[in-house]
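A.B. asks: These are the residues of each chain, in order.
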Amino acid sequence: MSPLLAAVVSVGILVGIYGVVAIALNFQYGEAGLINFGVVAYFAVGAYTFAILTAGPPSEASLDQYRWGFDLHPLLAALIAGLVGVIFAAISGWPALRLRGEYLALTTFAFAEVLQSLLVNVPAVTNGTSGFANITQPLRGEVGNYNLFLLIVSLALLAVTMLFFQRLVRSPYGRLLRAIKNDEVGVTATGQVPEKYRRQVFFISAFFIALAGVVYVIWLTLARPSSFGAELTFFVWIAMILGGEGNNWGVLAGVLGLTVLDELIGQLPVRSVRGVQMIDAAQVFLTGLLFVLVLRWRQPRPGAG
Amino acid sequence: MNSFLQLAALGVAQGSFLLIASLGFSLTRRVEGFLNIAHAQYLSVSAFVTFFLNNSMGIHFVVAALAGVLAAVAVGFLFGKVVYEPIRRLGPAVLLITSVGVVYMLEGIIEAVIGTGSFLVTLPRIAPVRFGPIAITFYQVMVVAVAILVTAGTAWFLQRTRIGTAIRITSLDRNLGASRGVDVRQAANASWVLSSALAGVGGVALAVLGALTTTKGFEQILIILAVALLAGVGSIWSLVVSALAIGVAREVSLLWIGAGFRDIIAFGIVILVLIFMPNGISGRTE
Amino acid sequence: MSEPILHLDHVSRYFGGLVAVDECSLSLAEGELVGLVGPNGAGKSTLFNLASGYLPPSEGSVTVLGHSTTGRHPAELAALGLSRTFQTPVAFKELTVIDNVLVAARVERPILAGLAGTWRSTEKLNRERAESLLERVGLGARAEDEAAELSGGELRMLEVARQLYTDPRLLLLDEPTAGVAPHLQSALADLIRSVHAEGVTVMVVEHNLGFLLDLVGRVVCMANGAIIADGTPQEIRTNPEVVAAYLGGDA
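Chains as they are written, first to last, in our numbering: chain D, 1 to 305; chain U, 306 to 591; chain L, 592 to 842.
Everything labelled a hint here was simulated from the structure, so no lab data went into it.
Treat the hints loosely; a few may be bogus.
[To be verified] List time: in silico SDA-like cross-link candidates among lysine to any residue, alpha-carbon distance up to 20 angstroms: (1) Lys521(U) / Gly229(D); (2) Lys196(D) / Glu667(L); (3) Lys521(U) / Val120(D); (4) Lys715(L) / Arg170(D); (5) Lys386(U) / Arg296(D); (6) Lys196(D) / Lys715(L); (7) Lys715(L) / Arg296(D); (8) Lys196(D) / His664(L); (9) Lys521(U) / Lys196(D); (10) Lys196(D) / Pro665(L); (11) Lys196(D) / Arg720(L); (12) Lys196(D) / Ala670(L); (13) Lys196(D) / Ile702(L); (14) Lys196(D) / Val698(L); (15) Lys196(D) / Arg697(L); (16) Lys386(U) / Val294(D); (17) Lys521(U) / Phe285(D); (18) Lys521(U) / Ser226(D).
[Claimed, not checked] Stretches of chain D that chain U covers, calculated by requiring three or more beta carbons in the stretch to come under 8 angstroms of a beta carbon on chain U: (19) 100–106; (20) 130–143; (21) 234–245; (22) 289–297.
Note that the Cβ used here is the ideal one computed from N, Cα and C, for glycine as well.
Just need the whole structure built from these sequences, with the hints factored in.
C.D. replies: Shown next, in the form of structure tokens:
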């Protein structure tokens with residue numbers, strides 16, 4: 001495969017993965033008004049669950065610190081990973097969903113930091129800072145071009161996610177969620193319990209975000225705590241705000257734009273360490289600037305704000 | 306017992322730093338009504354300006370520190386006026402999300418100028434101060450002293466001066482303040498300057514207490530949040546209690562748990578306080 | 592007399608040291624049309640919140656439609672047939688006017704129905720019903736407009752339409768005339784009368800005494816958290832305590 005094609009494929013895989021997360025996040029924020037600043041936690045839970053369930057027994061030779069590997073079938077492991085994402089959503093959502101607005105944001109953010117800290121500090125389960133390497137790539141031997149295969153998997157997951165949420169959003173269920181976002185008490189007065197729907201939104205999104213985490217570690221073949229920091233949360237947030245929250249196609253465009261930008265910057269012919277640093281710094285700065293500008297001048301939806 | 310006292314003393318120094326760092330954060334929370342995550346980056350700005358002037362240009366530490374505080378004021382005031390004030394009407398959630406963007410902008414600038422690595426401010430060696438079995442460095446004592454000064458000064462300023470009173474009224478009710486003849490604009494300006502200056506002092510304290518990295522300032526944000534939330538929106542004294550409690554708890558907890566778990570304790574506090582004590586130890590609502 | 596549809600039994604509510612509602616007892620029989628009046632700060636809104644389950648009583652008990660409000664989510668009471676409006680009218684500003692009403696439509700298993708598309712079969716009937724309710728409150732022509740474009744008075748009518756969609760047995764209206772233009776108030780009174788004529792029990796909190804006394808058959812008057820009078824509009828008009836409360840208050 002030519003280098004250009006390889007780059008396009010890897011961008012495509014990432015767009016699929018981040019797209020799933022961004023659309024699930026958009027369901028939470030754009031539709032139901034829930035501010036989740038801990039998105040990465042659900043992603044990490046999916047990734048690590050898959051890594052642990054498919055890992056072989058620990059070996060002394062490679063200095064493994066983890067104690068349990070399950071050698072499970074990858075498909076089953078992926079499904080369980082999604083469900084563990086939902087369980088983590090239940091654990092974090094039980095306290096967090098009592099809170100509103102920016103306080104929900106803080107609690108979810110704190111949960112994600114706690115989780116990342118646990119990934120480092122409970123090596124018996126997570127293998128500590130080195131995490132899991134050589135993660136099982138299902139069907140590795142059977143398909144010719146593995147990255148092409150992963151591209152198809154990733155885009156298929158994105159398509160299913162898109163279809164799933166588009167159908168929900170356009171149904172009376174979506175209408176109810178936007179009503180809850182606008183005025184919870186008003187929804188209560190019609191005889192429906194908003195808390196119940198807030199929980200459902202949280203759980204459903206967590207399932208998809210965790211599945212995206214599974215595809216991510218299959219592609220990376222690595223699961224390390226450092227891959228699951230707040231940067232990922234904010235990357236997806238920025239993509240969503242850029243694309244226009246509440247609009248799934250716009251959000252996808254935002255993901256595509258940011259991912260391509262990342263890839264282009266990665267391809268710049270820079271040799272010196274300092275040069276790479278400067279480019280990283282410029283990218284971080286521009287991302288922040290873009291974010292601030294979009295929030296300042298975006299078109300608010302009717303009645304929002 | 307001695308190691309307990311030793312850790313508790315370090316905790317008091319850490320708590321003093323946290324107090325300085327969270328005073329300004331809490332002021333913005335009260336006056337502007339949102340959680341400015343980027344406040345922690347103002348600490349970094351001041352810390353690195355101080356470091357740069359002192360280490361690379363050989364300027365006296367005290368002068369460098371003053372310049373650091375001024376830099377934080379400039380940055381905090383600029384972002385306050387240009388970024389935050391125009392979108393105030395969009396509500397605290399959008400302001401909070403926007404402050405994430407500001408975090409990125411400042412991080413980009415700091416990384417471009419400083420690069421990666423660990424930086425240590427070189428300070429003259431001064432013998433540690435001993436209290437019985439406890440020894441803490443001279444500079445840790447200084448941080449405690451500065452915290453006392455800065456806290457008392459802020460309390461005095463808010464309670465006793467005309468602008469301080471205007472800030473307090475503005476924090477209670479902007480419209481009421483305006484209708485009672487308070488210059489809300491001036492009060493908001495003063496509050497941006499004061500909160501960024503406090504962040505600047507916090508940044509100097511951060512530089513004095515240990516090695517700096519470009520992300521060290523932002524790494525403090527969850528602990529600052531924990532302090533601010535535990536305190537609630539009451540008086541400055543609830544902030545003092547909260548900062549010292551968290552500072553000491555983090556250090557003393559080392560007796561029983563690994564250093565890696567310390568932050569989990571701080572985040573755990575954030576979560577527990579938000580759920581069970583949403584008004585903090587002051588018990589008051591906004 | 593059969594069991595009352597709403598029964599407050601020696602209900603008190605404190606906020607810190609403040610007594611907002613002080614040992615109030617009140618019964619509404621099915622089919623009544625009752626007004627609740629009183630000067631500002633008399634405790635009317637608190638009483639409304641207690642009656643509709645949004646506030647738990649500090650002391651005493653509240654029974655609505657045969658159920659105690661204690662430990663019940665207000666949504667549960669609403670689903671039983673207790674419907675209320677709010678002083679600041681509820682508006683879902685990101686939705687159209689008709690979708691605002693349709694929020695009250697119940698869909699069985701909404702997630703599955705949404706994914707499978709089976710909701711479309713009931714949606715048509717629901718829309719027709721919502722349209723006729725909008726017609727009834729005078730918003731028929733605005734069905735497809737964004738709710739954000741409505742005036743304060745129109746939002747109030749929209750809220751009434753939405754609450755009527757829930758098929759209430761007991762309807763509590765909190766200051767329905769506030770923000771409604773004077774020439775529309777007689778239409779509002781007619782609407783309340785026609786809802787009442789269909790057998791719905793109605794209680795109205797109102798500042799506008801002229802509007803209320805012409806509308807209802809029974810008036811309850813509160814002052815300083817207590818019920819000071821309960822009778823026909825005639826009796827209330829001439830009750831010296833009521834007159835004193837109003838003169839001493841700000842009405």
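A.B. asks: State for each hint whether it applies.
C.D. replies: Here's how the hints hold up against the structure:
1. Lys521(U) / Gly229(D): Given pair Lys521(U), Gly229(D) holds - Cα atoms ~15 angstroms apart, limit 20 angstroms.
2. Lys196(D) / Glu667(L): This hinted pair holds, its Cα atoms lying about 12 angstroms apart.
3. Lys521(U) / Val120(D): holds (18 angstroms)
4. Lys715(L) / Arg170(D): Distance of about 15 angstroms is within 20 angstroms: holds.
5. Lys386(U) / Arg296(D): Cα-Cα ~13 angstroms, so holds.
6. Lys196(D) / Lys715(L): With Cα atoms ~26 angstroms apart, Lys196(D) and Lys715(L) exceed 20 angstroms; violated.
7. Lys715(L) / Arg296(D): violated (40 angstroms)
8. Lys196(D) / His664(L): holds (12 angstroms)
9. Lys521(U) / Lys196(D): Status violated; Cα separation ~40 angstroms.
10. Lys196(D) / Pro665(L): holds (13 angstroms)
11. Lys196(D) / Arg720(L): Violated. Lys196(D) to Arg720(L) sits at ~26 angstroms, over the 20 angstroms cutoff.
12. Lys196(D) / Ala670(L): holds (15 angstroms)
13. Lys196(D) / Ile702(L): The given pair, whose Cα atoms are some 12 angstroms apart, holds under the 20 angstroms limit.
14. Lys196(D) / Val698(L): Within the cut-off at roughly 15 angstroms; holds.
15. Lys196(D) / Arg697(L): holds (15 angstroms)
16. Lys386(U) / Val294(D): Roughly 17 angstroms separates the two Cα atoms, so the pair holds.
17. Lys521(U) / Phe285(D): Measuring from Cα to Cα gives roughly 17 angstroms; hence the hint holds.
18. Lys521(U) / Ser226(D): holds (16 angstroms)
19. 100–106: holds (count 5)
20. 130–143: violated (count 0)
21. 234–245: As far as the stretch 234–245 of chain D goes, the hint holds, because 4 residues have Cβ atoms under 8 angstroms from chain U.
22. 289–297: Coverage by chain U holds here, the residue count being 6 at a Cβ distance below 8 angstroms.
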